[in-house]
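K.L.:
Line by line, the protein sequences give chains A, B, C, D and E.
First residue of the first sequence? That's 0 in numbering that gives the first Met the number 0, and the numbers climb one at a time after it.
First residue of the second sequence? That's 0 in numbering that gives the first Met the number 0, and the numbers climb one at a time after it.
First residue of the third sequence? That's 0 in numbering that gives the first Met the number 0, and the numbers climb one at a time after it.
First residue of the fourth sequence? That's 0 in numbering that gives the first Met the number 0, and the numbers climb one at a time after it.
First residue of the fifth sequence? That's 0 in numbering that gives the first Met the number 0, and the numbers climb one at a time after it.
Simulated from the structure, these hints should not be mistaken for laboratory data.
Certain hints may be false.
What the hints assert, rightly or not - Restricting the straight-line Cα-Cα distance to at most 30 Å, the calculated cross-link-like pairs of lysine-lysine (DSS-like) are:
hint, chain 1, residue 1, chain 2, residue 2
1, D, K360, A, K94
2, B, K104, D, K360
3, A, K96, D, K360
4, A, K96, D, K159
5, D, K360, B, K102
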Amino acid sequence: MSREVLLVLGAALFGIGVYGALSQQSFVMIMMGLELMVNGAIVAAVTLWSRAAAHSPKGQLLAVVFMTVMAVEAAIGFALVTNVFRIRRADITEKLKALRG
Amino acid sequence: MITVTLFLPLLGALLLVVLPLRGERSLRVAAGLVALAPLVLLMVVWSRFKGTGTFEQIESAPWIPTLGASYMVGVDGLSLALAAMTALLFFAAIIYPVDWRGKPKAYFALFLFLETASLGVFLSLDLLLFYVFWDLSLVGMYFLIGVWGHGEAARRSALKFFLYTLAGSLVMLLGVLSLYLSTAPHTFDMRHLIATRPLDGTGLAATLTFSGFALAFAIKAPLVPFHTWLPPAHVDAPAPASTILAGVLLKMGTYGFVRILLQMMPQTFSRLALPVAILALVSVVYGALVALAQQNVKRRIAYTSVNHMGYAILGIAAAAAILPGLGGGFTQTRSLALTGATVEMVAHGLITGALFLMTGSLWRRADTYEISELGGLARRAPIFTGLAAVAAFASLGLPGLAGFVAEFQIFVGGFPVYPWLIALALLGLIITAALFLNLLQRVFLGPLPERWQEFRDLDRGEIVSLAMLIAFVVVIGVAPGWLLAVIDSFVRPLVTR
Amino acid sequence: MRIPSEGSALAMLALPLLPLLGAGTLLFLRGKRSVLPIIALAALLLTLASAVWTALSLPVSGWAWGPILGGRLAVAGLGRMMVILVPAIAAPVVLYASSSNRRDSGFARLLALLLAFVGAMELLVIADDFLALLIGWELVGACSWALIGYEWTDSARPRAALDAFLTTRAGDLGLYIAAAAAFAGTGSFRFDTLPQLHGTTAAIVAGGLLLAAAAKSAQLPFSPWLFRAMLGPTAASALLHSATMVAAGAYALARLAPIIPVPWLAPSIAALGLATALAGGVVAVLQTDLKKALAASTSAQYGLMFVAIGVGVPAAAGMHLATHAAFKALLFLGAGIALHATGTLELSSLRLGRALPLTAITFAIGALALAGVPPLGGAYSKEQIVAAASQTGLFFTAGVTAAASLSALYAGRLALLAFGPDPNRGEVRPPNGAVTASVLLLAGVTLVSSVLWFPGVAASVAELMGGELAIGEGWAAGASLVAIAAAGIACWLLWRRGDLVDFGLSPKVRLPVAEWLGIPLVADMLVKRPVLTLARTLATMDDRIIDAGVRGAARIAGYVSRLFGHSLEQLVDAGVNSLSTATRLVAEASRMADDRGVDATIEGAARGVGAVGTQSRRLQTGLSHQYYLIVAIGTVLLIAIASLEIVATHR
Amino acid sequence: MSGMTVSDLIPELALLVGSVVVLISALFLPRRLQPMNAALALLTVVIAVVAAASLPASLKSGFQGSAMHPWQHLSFSGTYAIDSFAIAAKVIVLSVTALVIALSVDWFRSDPRQGEYYALLLMSALGAITLAGAADMMEMVLAMLLSSATGYVLVAFHRKSRRSAEAAIKYYLLGALTNGAMLYGVALFFGLSGTTVFSDMAAPLRLAGALPLVAAWSLVVVGLAFKIGAVPAHAWLPDVADGAPAPVAAFVTVAPKVGALIVLARFVSVLPEDGAGWRVVIAAVAALTMTLGNIAALWQDDIRRLLGWSAVSQTGYALMAIVALGRSSLALPALIYFLAAYALGNVGAFAVVVALRGRAKRERYAGLARSHPWLAAALTVCFLSFVGIPPLAGFAGKLTLFGATIDAGYTWLAVLAVLNSVLSLAYYARFLGPIYFDEAPEQSGASMDRTAAGVAIVSAAALVGLGLGTDIVFSALANSVLLR
Amino acid sequence: MRVALFWMLAVASIVSGWRVFRTDSMVRAAYWLMASFVAVGIIMVQLDAEFLGLVLILMMAGEMTIMAVFMVMFMMNPAGLNPMMMVHQHRASIVAGVLAFVGLAGVGIFARFPEPTLRASGQVTAQLGHELLGDSMLIFETAGVALLATMIGALAIAGATGRFGSADEGSQEPGEA
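So that you can see chain A by itself, here it is in the shape it has in the complex:
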C-alpha cells in the first residue's frame, strides 16, 4: 500500500472520470464521470494525508470538503438536469445547441 500505488489508483479513477465526462452523451452519465474524477481526488487527498503530509488534520478535512463538493454538485446537477429535461426534453448534450456562436 505504498503512496505511489495509491496515487496511481487515484490517477486512474480520475482518468476514467475524465474519459467518461468527455465521452458520454447523456447528462447523467457525464455526471457519473465527474463523480469519478472527484473520487480520484479524494483518494489522492486521503493518500497524501496518510502517506505524506505528516498527518496534518487538514488532510481529513480536505477529504470532507471534497465530499461536500461532490454532494453539492450532484444535487444541483440533478436539479438542473431535471429542469432542462422538463423544459427541453433534452437528455444529451447534442440536444442543447440553441446558444452558440
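Mind docking chains B, C, D and E on chain A? Use the hints.
P.N.:
Frame of chain A, contents of chains B, C, D and E only:
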C-alpha cells in the same frame, strides 16, 4: 484664463443641450457666441504672452497625484499659435451653414465638445491629460461624420476613421506609458519630461518608444502610407467637420512630432530623422500626385493635406536631424525649418479649413463633388470664385499668402540638412499648382452648363466665415511678424539648447 | 551709395504698393466704368513719379518678418532704369486697354490685373535679396495666369494660362533652390553676400537662377509657354512681353550673374541665349500667326540680351531690354488693332496698310526698331550686343549677326504681311482715339530712343545702369549692318514674289518648326503625360493595391483560422490532414497573389479579421462536450507552455 | 488563534442573515408584496457595503499589518484575509449586487419564487466576496462552490425559458468539470506542502519539484479560469450572458470574476517565482482570452452575446495584472480599478438591455438615440469605457494595466492588448452605428423599465465620476500589500 | 492480508469505475459507480480514515439510489434498464483520459512528497473534529452555507409547485410575456 478658455465650449455644449432653445437659427447664434468666447479669451492670453521660452500662464490642479498625473494647462509659442488657430477655425466652422438633418442641437453641442477636446490637446501640459483630450477628439469627430455625413458611406468612413486613429492613439498610449515609466518618481508632467528627457538616446527602449509615437503621429498627420483613412473621412464628412478634421485634428500629429518627439527625445529623433524625412518627402510628392488624379473636389483637397503635412514634418525632421552643439552653424536653418513647420500648421489649418468650408457651400448648392459635373460657376458666383481662388493660390504657396511663408522657411531651413530631399520636395509645389489651378479652371471657369444656371453665390454667413479665414491667410502672408515672434519664442530656445 | 532719405524709402515702397492698392481700388469700384481708367492711369503716373525719384535717390530699405526672415529692397544698378521703364510702358498699355476692353464684363478685373502686374514687377525690380525677388517673381507669374485666363468663359484660355503658369513655375523652383542654397552658404538672402559663395553652393545658386531666368524669359526649352500666353488679351500680351514677366529673367541675370563666382555661369547664359535667339528667329520667320510670330521674336530678342549678359556687358542687355520694351509693346498693340479690325491674326489675310495707314506707320516704326535699322534706339542697343559679342571672338559674333539678320527678316516680313498695302482690302473697324493715342505714345518713345546714337548719351545711360558700354570691333558692327540690310532686301524680294507667307514650304515642314520646333509635343510626351499617368496610377494604387497588401495578410489569417476552425473533431485529427491542408494553402496563396482589384480599403483588414472572427465563433459550437474538449486541450497546453518555460529557464 | 473574531466577518454575516431573512419573508409575504424582498435584499447589501467599507476603521489597532494599513491581517488561523484588496473587491461585488437587485425588481415581478431569487443572489454575492478573502485552499474551494452552485441556479431561474435552462446546464457542466480538475490540484498542493493555508505553503513549495508543481497549479488555474471566464474554460460566458435572465447575466459575468481574480492573485503569489513558469502561462492565457473574446464578439448581432464575449475579453485584460503581480506595484491597484470600471460598464450595459425588456437584436437598436436618448447615452458611455476612451473609468483601468504590464517586462502583451482594444471598438461601434445613425423603424411602443434605466444612467454617471476621480481608488490602495 | 485486500479493492474500484461507461443501462452504471466508491471507501478505512470512509460509502449509497430512481422517473430510457451505449468524440476522450492518468500517475510516482513523520494514531476522527471547530471553523461554516444554498437552489429549480401554485407561471423574461 486658459482653463476657462478650455472648458467654456464644453459648458456651452451642456447648456445648449439643457436650455430650451429651438430652431436652427437661434441655436446657431448661441453656438456661435459660445465659440467666439475662446477666441476672445485666447486673444487676451496672447496679449499677456511674454515669450519667455518656457511654458507660461500655467494653471494646475491635482488630478491623480498617486499616478503622477495632474491637470495642468499652459501655453508656449507653439501651443498658443495652434490653439488660437483652432479657436478661429472652430468659430468659422460652427457658424457655417450645413444641413443639420433636423438635429441642430446635437450638432452644435458635439461641435463645441470637440472644440474643448481639440483645444485641450494643444494646451495640456500633462501627458495623460493630453491623451485624454486626444481621444475625446476622436469620439466627437466620429459622431459628427457618422450622423451628419453624406449617406451610407459616411458610417463606414466614420468607423474607419475611428478605428484607424484609435489604433494610432493607443500605440501612442504605450509610448506615453513608456515615457512615464522611465521617470522617477513616475510623472506625466510634460515640463519635467522636456527638462530631463528621461528616455532620450539610442537604446532599444528609446527607439521603440520613438517608433510608437512616430507611428501614432504619422497616422494622425497623416503620412503615406498611413493615410488611407483620410480621404473617405473627408469626403463623407459634413464640410465644417472636414474643416476641423483637416485644420485641427491633423495638426495634433505634427504637434506631437514637435512637442513629444523633438522636445522629449531629441537624440533619438536626430538619429531617426532621415527615415521620418523620407516618409515626409514621399507624402509630399505622393500626396500631390494622387491629388492631381482625383476627380472629386473633396478628395482632391483631402490629398493635398497629405502633401502639406508632409512639408511640415519634413521641416520638423530637418530641424531634428542635427543636434545643437554639433553644428553651431545650423542654428539658423534649424530655426527656420521649425518655424516654417509651425507656420505650415497654422497656415494649412486656415487655408484648407477655408477650402473645405467652400466644398460645403458647393454641396449645399450642387449636391455633388464631382469635378466633371461642374464648370463655369464664376459667372453665377463671382465672390465664391474669388475666395476660392485666393484659397487655392494660398494653398499652392503663392507669396503674399500664408502658405508661402511656411513653405519657404521649410525649404530654406531644410536645404542644408537634406538638399536632395528638399529639391525633390519642391516638385510638390508645381504639382499642387497644377492640381489647384486645374480645379479652379474646371469648376469655376469655362462655359456655364445649363443645369447650374440657378447657382447661387455665397450668402452672408458663408462670406463672413470665409472672409475671416482668408483675411488671416493674407495677413500672415503679408505681415507674419506677430506670429513669427510668438513661434520664435518657442523655437529659439529649442534649437540652441 | 547715397544715404537715402526717409521719403525716398517710402517712395520705393510705393512702387509695388501703389499699383497694388490701385488694383484693389479698381476691384472695389468695379461698377463705375468711367472712373476706372482714370484711377488706373493716375496710379501708374504716381508710380512713375516715385520711380523717377527713387532712381535718383537710390534708397535702401527692407522689412522684417521674423528674427531671421526679412526682405531687403533697394533701387540699384539696372533697377534704376527698370523702375521707370515698367510704369512708363504700362501707362500706354493701360490706356489701350481702357479703351479697347471697355465693354468687357471683366473690365475692372483686367485693369486691376494690369496694375497688379506692374506692382509685382516693381517689387521684383527693387528686390535686393532672394526673398523679395522670389515674392515678386511668383506674384508676376500668378498675375500672368490671371491675365492669360482673362476671358475665362472660353475654357481653352484658362487651360493655356495653366500651361504657361506651370512652365514658368517649374523654373521658379530654381529660384527656391537658389535662395535656399544662398542662405545655406552665406546665412542670408542678401545679394551683396553672393560673392562670398563658393563651391557647390555657388554652383547650385547659379544653376537655380539660370533655370528660373530661362523659364521666365522664355528661353529654350521653356519658350513655348509664350505661345500659350497669346490667348490673353492684347494689352496683357503687350505688357507681359515688354516690361514685365519676360523681362524678369533677363533683369535678374543682368543683376546677379556678374556677382556670382561661378565660372561656367556666363558662358552658359550666352550659349543658351544664342541658341534661343537663333531658334526663336527661325520660328518667328516661319510662324504665320501675327501674335505668335511676335512672341517668338520676344524669345529671340531676350536670347540676344542673354548673350550680352553672358559675354559680360549687362549694360548692353539692359539697354536692349528698354528699347525692346518700347517697340515690342508698340508692335503688340498694333497686332491688337489688326485683330480688332479683322478678327484674325493670320498673316495671309491681313495687309491693312491702306485701311489703317496710321497704325501701319507706327507698326513700321516698331518693326524697323526690331529689325535694328539705324537710327532707331533698337538698332543702337542691338549694335551694342554685337559689339559685346565681338569681344569674345568670332563664334558669338557670327551667331549674333545671324540672329540679327533673322530679326530683320521676320520684322520686315511681319510689317509687310500685316500692314503692307492691299488694294483689295475693304473697310475695317478702325481703332478709336484712345487706342491710337496709346500707339502713338509708344511710337514716340521708340523714336525718342534714337537719341542713343548721339555721342555720350548711351554712355551716360550705361552709367545710370551701373555698367559700361561695350567697345566692339569695328568690323563686327559693319558685318551686322550688312547682314541686316541683306535680310531686308531678301524680305523685299520675297514679298514681291508673294512667297513671304510660307516661303513656298509645305505645311508639313513649316508647321512643326513654327510651333517651336516641336518642343511642346516633346514636353507633352516626356513630362505632362507621364506625370498624369503616374498620378492616375498612384491614385488607383492608393485605392486598391496598398490595401490589397493589408487585405492579403488578413486573408491568410482567415485561412489559417479556417484551418483550425472547422470543428474540434478535426482539430484532433488535424495531424492526418495537415499534408493535404498545406497543399491547399499553397494553392490558395498562389490564387490570392493572382487576385487583385477588389477595392477594399482598410476595411480589408477588418474584413480579414472579421473572417477570423467568424471562424473563431465556430469554436463556440453550443455543444457542451466540445466545450469539455476545449478545456482538456487548454489544460494540456497550459502544462506544455509551463514545462517549456521551465525547461527554457533551466537551460 | 488570535484572529478568530466575528467582527472580521460582519459583511459576510450580514449577507447570510439577510438572505435567511429574505427567505423567511418570502414564506410569509403575500404574492402582491413579494417585491418587498428586493427592498430587504437591498437593505442587506447596503448594510454589508457599509460594514465592509468601515472594516478598516473598526479594526484600527491591534494587528501588525503593514505600516500604512495596520488593520490588515489574516483571520481565522490564516484562512481568511482582511486586506485592502479584499475589501475593495467586496465593495465592488456588493455594489454590483445592489444594482442587480434594482434591475431585478421589474424583471422578476411576475415570478412567484422571487423571494428565493433574492436569497440566492445574496448567497452568491457572499460566495464571491468570500472568494476574495480566501487565503486557504479549502476556503477557496468552498467559496467557489457557494458562488457556483448559486450561480447555476440563478441562471436557470426562468422556469419557462428554454434558453435559461440550456445556459444553466452548460454553465454547470463546465463548472463541474473544471472544479473536479481543481480538486485534484488542491490535493496535490496539500501533498506537496502539507497544508492548505496560503501563508504556510510558500516555504515548502519552494522545495517542491518543478513538474509536479506545474501539474498542481495548472489544475487549480483551470478551475479558477472557469470562474473568471478565461481560456480554456471561457465557453460558458457567452452562452450564459445570452441565455440567463438579464439581471443574472449582469451579475454572474462580474461578481464571481472579481472574487476569483483576487484569489488567483493570492494563489499565484504563493507559487515560487522561479521554476514554476506560471507568469508566462498566465500571460498566454491573458493573450488568448482577450483575443478570442474580441474576435468572437466581432460579428455578434445580439447585444447579450456581445456582452458575454466582451466579458471574456475583459478577463483577458484583467489577467494582465496577474502577470505583472509582484513586478509592478501598480498591478493590484490597477486590477481593482479596472474591475470596478468593468463591473460598472457591464452592469450599465445590461441595465440598458433590462430597461428595454430584454431587447437584444442589433437591428432593434436602430434609432435608439432618438427614441431613448438617455439609454443610448448610457450604453455609449459603457461601451466607450470598455474600449478605454478617456476620461471614462475604463481608460484609467487600461492605462494602469498596460503600464503595469510594461513595467513587468511584458511589453508584447501590452501591444497585443492595444490591438485588441482597437478591435473591440469595431464591434462596439457596430452597435453604436445603428443607434445613432439610423432612424428607428416605427415605435413598437414597448414599455421601458424605469428603474433599470435609472440603473443604466447611474452606472454611466459612475463611470464618468470614477474616471475623473481616479485618484480616490489609487490613493486608497497605495502601499497596500496583498496578504497571503 | 491487508495488502491483498487492498489490491483487490483497488482493482475492484478501477474495474467498476470502468464498467460505469461500458454497461448497457444507466441503472447498472449507477450501481457500478457505487461499487467503485464503496471500494474506495474501504481503502480509506484501511488508511486510518475510518470515519471518512464510512461517510463516503453511506453518502454514495444514498446518492446512487436517488440517481437510479431519478433515471427511472425522468429519462427517455424507460425504466432506465434498456441497453444503451451513447458516446461522442470517443477517440479524443480516450486520449484525454489517458493523458490525465499518465500525467497524474507520473506526478504520484516521481514527485518528491514529504515523508510522514508519524503514523496516524487512533484519534484521527477526534482530530478532525477539533480541526472543524478550531482552526478551520470558517471552512466548516462555509461548507454549511454552501449546503444550505444548495438546498434552496435545488428546490427552487426542481420543485414544481410553491406557495402560489405552479412555479412555472410567470417565470420568464418580461419581453417574452
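K.L.:
Between the alpha carbons of A:K96 and D:K159, is the straight-line distance 30 Å or under?
P.N.:
holds, 17 Å
K.L.:
Within a Cα-Cα threshold of 30 Å, do B:K104 and D:K360 meet the stated pairing?
P.N.:
holds, 29 Å
K.L.:
Does the alpha-carbon distance linking D:K360 and A:K94 stay inside the 30 Å limit?
P.N.:
holds, 24 Å
K.L.:
Assess, step by step, whether the Cα of A:K96 is no farther than 30 Å from the Cα of D:K360, and give holds or violated.
P.N.:
holds, 19 Å
K.L.:
Straight-line Cα separation of D:K360 and B:K102 no greater than 30 Å?
P.N.:
Holds, at roughly 26 Å.
The earlier numbered hints are all upheld by this structure, with none contradicted.
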